[in-house]
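> Protein chains in written order, with our numbering: chain A, 175 to 644; chain B, 59 to 286.
Do not take every clue at face value.
Simulated crosslink set (EDC-like; lysine to aspartate or glutamate; CA at most 20 angstroms straight-line) [to be verified]:
id, chain 1, residue 1, chain 2, residue 2
1, A, Lys418, A, Glu408
2, A, Lys418, B, Glu232
3, A, Lys418, B, Asp191
4, A, Lys418, B, Glu254
5, A, Lys418, B, Asp230
6, B, Lys216, A, Glu408
7, A, Lys418, B, Glu267
8, A, Lys611, A, Glu633
9, A, Lys565, A, Glu615
10, A, Lys418, B, Asp154
11, A, Lys418, B, Asp91
Negatives, chain A to chain B, calculated, CB over 12 angstroms [to be verified]:
id, residue
12, Ser271
13, Leu303
14, Gly319
15, Thr374
16, Ala384
17, Phe391
18, Lys418
19, His423
20, Ala424
21, Ala494
22, Ala502
23, Ser538
24, Leu590
25, Glu595
26, Gln612
Don't read these hints as lab results, they were simulated from the structure.
Just so you know, even glycine gets a beta-carbon here, dropped at the ideal spot from N, CA and C.
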Amino acid sequence: MQPADIAIALRRRSPWEAMDLGLAMLQRWWRRVYAPHLIVSGAIAAVAFALAWAVQKPWLALLIVWWLKPLDDRVVLHVLSRAVFGELQGTRAVLASAGQWLRTGLLGYLLLRPWPDMARSFYLPVRQLEGQRGGSARERRSGLGRRVHGYAVWLTLVCLAFEWLVLYLSLGMLTELLLPAKSSEGRDFFEALFDGDFWTWDDALAYAGAVALLEPFYVAAGFALYLNRRSVLEGWDIEVALRKIAERHAAIAAGVLMALLIAFHPSSSYAQKDPKREIAEVLKAPEFPHQRDTTQWRARNPAEPKEGPDLSWLGALGYALANAARVALWVAAAAALAYALWWAARLLPRGSAPPAEPYRPPASLFGMELAPETLPADVAAAAGALAAEGKLREALGLLYRGALSELVHRRGVRLLASHTEAEVLALSPQEKNPYMKQLIELWRQCAYARRDPGRSEVERLAQDYRGFAA
Amino acid sequence: MLDTTRRVATPEGIELTLHLAGPVPRALAWAIDFALRLAVVFTVMMFAPLLGNAGMGIVLLTAFFVEWLAPAWFEAAWRGQTPGKRALGLAVLNDDGTPLRWPGALTRNLLRAVDFLPVLYGIGLAAMLANRDFKRLGDLAAGTVVVYQPERIAQARKLPDAAPIVPPVALDLEEQRALLELAERAGSLTRERLEELAELPAPLVGRLEGGRAAARLLGMASHIAGRE
Numbered sequence: 175m176q177p178a179d180i181a182i183a184l185r186r187r188s189p190w191e192a193m194d195l196g197l198a199m200l201q202r203w204w205r206r207v208y209a210p211h212l213i214v215s216g217a218i219a220a221v222a223f224a225l226a227w228a229v230q231k232p233w234l235a236l237l238i239v240w241w242l243k244p245l246d247d248r249v250v251l252h253v254l255s256r257a258v259f260g261e262l263q264g265t266r267a268v269l270a271s272a273g274q275w276l277r278t279g280l281l282g283y284l285l286l287r288p289w290p291d292m293a294r295s296f297y298l299p300v301r302q303l304e305g306q307r308g309g310s311a312r313e314r315r316s317g318l319g320r321r322v323h324g325y326a327v328w329l330t331l332v333c334l335a336f337e338w339l340v341l342y343l344s345l346g347m348l349t350e351l352l353l354p355a356k357s358s359e360g361r362d363f364f365e366a367l368f369d370g371d372f373w374t375w376d377d378a379l380a381y382a383g384a385v386a387l388l389e390p391f392y393v394a395a396g397f398a399l400y401l402n403r404r405s406v407l408e409g410w411d412i413e414v415a416l417r418k419i420a421e422r423h424a425a426i427a428a429g430v431l432m433a434l435l436i437a438f439h440p441s442s443s444y445a446q447k448d449p450k451r452e453i454a455e456v457l458k459a460p461e462f463p464h465q466r467d468t469t470q471w472r473a474r475n476p477a478e479p480k481e482g483p484d485l486s487w488l489g490a491l492g493y494a495l496a497n498a499a500r501v502a503l504w505v506a507a508a509a510a511l512a513y514a515l516w517w518a519a520r521l522l523p524r525g526s527a528p529p530a531e532p533y534r535p536p537a538s539l540f541g542m543e544l545a546p547e548t549l550p551a552d553v554a555a556a557a558g559a560l561a562a563e564g565k566l567r568e569a570l571g572l573l574y575r576g577a578l579s580e581l582v583h584r585r586g587v588r589l590l591a592s593h594t595e596a597e598v599l600a601l602s603p604q605e606k607n608p609y610m611k612q613l614i615e616l617w618r619q620c621a622y623a624r625r626d627p628g629r630s631e632v633e634r635l636a637q638d639y640r641g642f643a644a
Numbered sequence: 059m060l061d062t063t064r065r066v067a068t069p070e071g072i073e074l075t076l077h078l079a080g081p082v083p084r085a086l087a088w089a090i091d092f093a094l095r096l097a098v099v100f101t102v103m104m105f106a107p108l109l110g111n112a113g114m115g116i117v118l119l120t121a122f123f124v125e126w127l128a129p130a131w132f133e134a135a136w137r138g139q140t141p142g143k144r145a146l147g148l149a150v151l152n153d154d155g156t157p158l159r160w161p162g163a164l165t166r167n168l169l170r171a172v173d174f175l176p177v178l179y180g181i182g183l184a185a186m187l188a189n190r191d192f193k194r195l196g197d198l199a200a201g202t203v204v205v206y207q208p209e210r211i212a213q214a215r216k217l218p219d220a221a222p223i224v225p226p227v228a229l230d231l232e233e234q235r236a237l238l239e240l241a242e243r244a245g246s247l248t249r250e251r252l253e254e255l256a257e258l259p260a261p262l263v264g265r266l267e268g269g270r271a272a273a274r275l276l277g278m279a280s281h282i283a284g285r286e
């Protein structure tokens, strides 16, 4: 194990960044990790479910899967720890080397499993990769964990949350959604809790799925944290950089020596060098990044220049045609523009509104004829005569008709068939208003309330009509 | 070389390195934000009965704004940070390293609804585990990345006192940095390891051994740091 062989960029990282590096490692080598991991965790799950099925207790399967997680962790760490230093093992090789990763204090650890190890994946390499045990392992753990232990605990807690809150519930929800028969059972959460069948087979399966998905990430993140801690403590990044200094300057020294040799023996020099290769070497430098592959169509047989008749008139003709086309296009564009303007102008609203219709006095108002020729010549006298005969309603009606006719035809008040009595009153000229008010009030009571007008009132109105019509 | 960075070239030809943040710190930042949101909603809930029937409406409005718009507002107006992200030293940037603006912030926060499915960000977590830049779906849609703030990465630089020595050969930038790094971390390395490391660059230390080689390298680091 040499820091120079490591496949990750060595630099100072915060512990959080180190955990992310674990994820990057997992993404890079996910096939190599997940293949043996799924075989082992699948085998564990199979055993767990078989045992649990035998006694018909789903929770037992869940417990066994949880209990044997450290066994699974060791497979993942085995693969990753070798991949990081460039040794990519196939699934078969990993399983064949089971002796290596099984004999890492696994039994003792599994016995102590009920005491939760809050930084399991961070300290696992101490036992598995460094092979430390007992007191020295404890010392090593406390040394490694001095500044990072808290972060490792956070990693465990967050992964616990991912496992239970996110993945376990998500997978459980998926089975709910995909198996509608199950949701129709209506298994109430608290009911199930108190009935003691809280853990069902689905739950155990969802948990096994969550572990299968997430455990490699937990181990990888813990391992990356461990690598970063060691890199900081032991200066791995510095070692690699210092080695580079040594190599580069040794090479330069050798180059200088070579140059001196060449200077003394000019005959032995350039013949051995291949300029093409030299150029390729030089172009590999980052200062020459501008290489680009381009694809083009080329004629397969490049045409030879042919002797032929003078075709320059063709050029002139083309030129003339092009000019004509240009003019035609301009004309067409102008025509299109003109048409567009004309069309838009047609759509736009006219500047002036249509002339208002001339006022035409209505033939009747409130069902009463208004034309002056339908009225008696002397309305006041006729009304007085009617009143004297006791036909008070007719007298009043005649007065009203006369008044309206007077307003429309002689005073020029523009009454319409749609106007009401109150509007008539409002439209009537100021000096006629008091009389109209009395008349309309009386007429309303007569017409709408069926209250017969008093004789004296009608007679008084008939007498005042002369003044009104004057 | 495997790393968790994303390189971005600016139009000026300058290469920036973004340090991407993964699921663990982001989950913790989310948890802090969530606790704050709950606290706000509960506070409003305590005072809501004073307002009678309107109280319930105000609680619901507050919950809506705090859940959907407040994070977007924080990210757009507060250099890409919510309080939780600030606590963890995270920030949201556009893919090309430019600051986040309203459209991006709104997109990535409204799409939390998708990432949330089926329960508590199951899809978001799966996307983050599978994506090289640790993006959830909202980040993919908005074209954003969550990064560590640069000032959190750079730590206080402290060099041990040593009389400056001019390096015998010309060192390039990387090499100068390596010597500075060695000097800064000389205190945290064990003495044996420091001496072992110091013996490595023969062109600089010749055949000096142990403590004398280390002292020589520290002197060169002083020179590089500008002490005369």
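> Look at each hint and say if it fits the structure.
Going through the hints against the structure:
1. Annotation: proposed proximity of Lys418 of chain A to Glu408 of chain A holds, straight-line Cα distance about 17 angstroms (limit 20 angstroms).
2. Annotation: proposed proximity of Lys418 of chain A to Glu232 of chain B holds, straight-line Cα distance about 10 angstroms (limit 20 angstroms).
3. Pair hint Lys418 of chain A plus Asp191 of chain B does not hold up; C-alpha atoms about 30 angstroms apart against a cutoff of 20 angstroms.
4. Simply put, Lys418 of chain A and Glu254 of chain B have alpha-carbon atoms about 15 angstroms apart, close enough for the 20 angstroms limit, and the pair holds.
5. For the proposed pair Lys418 of chain A and Asp230 of chain B, the alpha carbon gap of about 11 angstroms is at most 20 angstroms, so the pair holds.
6. For a cut-off of 20 angstroms, the pair hint linking Lys216 of chain B to Glu408 of chain A stands: about 18 angstroms separates their Cα positions.
7. Proximity of Lys418 of chain A to Glu267 of chain B is assessed by CA-CA distance (about 19 angstroms); at most 20 angstroms being required, the pair is judged to hold.
8. A threshold of 20 angstroms between alpha carbons decides the hint, and for Lys611 of chain A with Glu633 of chain A the separation of about 16 angstroms falls inside it, so the pair holds.
9. The suggested pairing of Lys565 of chain A with Glu615 of chain A holds, with an alpha-carbon distance near 19 angstroms, which does not exceed 20 angstroms.
10. Straight-line distance between C-alpha atoms of Lys418 of chain A and Asp154 of chain B comes to about 32 angstroms, which puts the hinted pair past the 20 angstroms bound.
11. For the hint pairing Lys418 of chain A with Asp91 of chain B, the CA-to-CA distance comes to about 45 angstroms; that exceeds 20 angstroms, so the pair is violated.
12. Residue-level check passed: Ser271 of chain A sits 23 angstroms from the nearest beta carbon of chain B, beyond 12 angstroms.
13. For Leu303 of chain A, the shortest C-beta to C-beta distance to chain B comes to about 18 angstroms, beyond the 12 angstroms cut-off, and the non-interface label holds.
14. Distance to chain B confirms Gly319 of chain A as a non-interface residue, since its nearest Cβ pair spans about 15 angstroms, more than 12 angstroms.
15. Distance check for Thr374 of chain A against chain B: the nearest CB is about 17 angstroms away, which clears 12 angstroms, and the non-interface claim stands.
16. Distance check for Ala384 of chain A against chain B: the nearest CB is about 10 angstroms away, which does not clear 12 angstroms, and the non-interface claim fails.
17. Some Cβ of chain B comes within 12 angstroms of the Cβ of Phe391 of chain A; the nearest lies about 6 angstroms off, and the non-interface call is violated.
18. Its closest Cβ contact with chain B, about 7 angstroms, brings Lys418 of chain A to no more than 12 angstroms, contrary to its assignment away from the interface.
19. Against the 12 angstroms criterion, His423 of chain A falls within the reach of chain B, whose nearest CB is about 4 angstroms from its own CB.
20. Ala424 of chain A, annotated as away from the interface, has a beta carbon of chain B within 12 angstroms; the closest lies near 6 angstroms.
21. For Ala494 of chain A, the condition that its CB be more than 12 angstroms from all CB atoms of chain B holds, with the nearest at approximately 47 angstroms.
22. Every CB of chain B is more than 12 angstroms from the CB of Ala502 of chain A (nearest about 45 angstroms), matching its label as outside the interface.
23. Under the 12 angstroms C-beta cut-off, the non-interface status given to Ser538 of chain A relative to chain B holds; the minimum distance is some 59 angstroms.
24. The claim that Leu590 of chain A lies off the interface holds: its Cβ sits roughly 52 angstroms from the closest Cβ of chain B, which is beyond the 12 angstroms cut-off.
25. For Glu595 of chain A, the shortest C-beta to C-beta distance to chain B comes to about 49 angstroms, beyond the 12 angstroms cut-off, and the non-interface label holds.
26. Gln612 of chain A, annotated as away from the interface, keeps every beta carbon of chain B farther than 12 angstroms; the closest lies near 57 angstroms.
Going through the hint list in order, the structure does not satisfy hints 3, 10, 11, 16, 17, 18, 19, 20.
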